[in-house]
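Produce the entire structure from the sequences given, and follow the hints as far as they go.
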Amino acid sequence: MKNSEIKALSIEELNEKLKTEQDNLGKLNFAHAISPIENTMKIRQSRKLIERLQTELRAKELAK
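Take 1 as the starting number for the sequence shown in the numbering used here and just add one per residue.
Calculated from the structure, these hints are not laboratory results. Where hints are given, some of them may not hold.
[Said to hold, decoys possible] Here are the simulated distance ranges between beta carbons: (1) Ala63 <-> Asn39: 30 to 38 Å; (2) Asn29 <-> Asn3: 19 to 27 Å; (3) Ser4 <-> Glu61: 16 to 24 Å.
[To be verified] Dumping the calculated DSSO-like pairs for lysine-lysine here, alpha-carbon to alpha-carbon at most 30 Å: (4) Lys27 <-> Lys7; (5) Lys60 <-> Lys19; (6) Lys64 <-> Lys2; (7) Lys60 <-> Lys48; (8) Lys2 <-> Lys19; (9) Lys60 <-> Lys7; (10) Lys48 <-> Lys19; (11) Lys19 <-> Lys7; (12) Lys19 <-> Lys64; (13) Lys2 <-> Lys27; (14) Lys27 <-> Lys64; (15) Lys42 <-> Lys2; (16) Lys48 <-> Lys27; (17) Lys17 <-> Lys7.
On a predicted model such as this, the values are computed, not experimentally measured, just so you know. Here a beta-carbon is modelled for each residue, glycine too, at the ideal position from N, C-alpha and C.
Written as structure tokens, this is what we have:
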């Protein structure tokens with residue numbers, strides 16, 4: 001997801017997307033702990049997306 005797409009989302013959509021990505025990251029970490037996943041960069045990409053979503057959510061909350 002690009003930064004321009006993230007900026008276009010509303011606060012509710014950001015919260016929903018954030019929850020989805022956090023669940024996805026938990027599943028990836030769990031799967032990796034059981035047996036190494038093929039592409040470990042997915043964990044890093046998911047974590048970075050969560051951070052970008054949190055940053056944009058915080059910026060929108062402060063702008064209110």
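For each hint, the structure was consulted:
no.: 1; hint: Ala63 <-> Asn39: 30 to 38 Å; in the structure: holds, 36 Å
no.: 2; hint: Asn29 <-> Asn3: 19 to 27 Å; in the structure: holds, 25 Å
no.: 3; hint: Ser4 <-> Glu61: 16 to 24 Å; in the structure: holds, 20 Å
no.: 4; hint: Lys27 <-> Lys7; in the structure: holds, 26 Å
no.: 5; hint: Lys60 <-> Lys19; in the structure: holds, 17 Å
no.: 6; hint: Lys64 <-> Lys2; in the structure: holds, 23 Å
no.: 7; hint: Lys60 <-> Lys48; in the structure: holds, 19 Å
no.: 8; hint: Lys2 <-> Lys19; in the structure: holds, 18 Å
no.: 9; hint: Lys60 <-> Lys7; in the structure: holds, 9 Å
no.: 10; hint: Lys48 <-> Lys19; in the structure: holds, 14 Å
no.: 11; hint: Lys19 <-> Lys7; in the structure: holds, 17 Å
no.: 12; hint: Lys19 <-> Lys64; in the structure: holds, 22 Å
no.: 13; hint: Lys2 <-> Lys27; in the structure: holds, 23 Å
no.: 14; hint: Lys27 <-> Lys64; in the structure: violated, 33 Å
no.: 15; hint: Lys42 <-> Lys2; in the structure: holds, 16 Å
no.: 16; hint: Lys48 <-> Lys27; in the structure: holds, 16 Å
no.: 17; hint: Lys17 <-> Lys7; in the structure: holds, 12 Å
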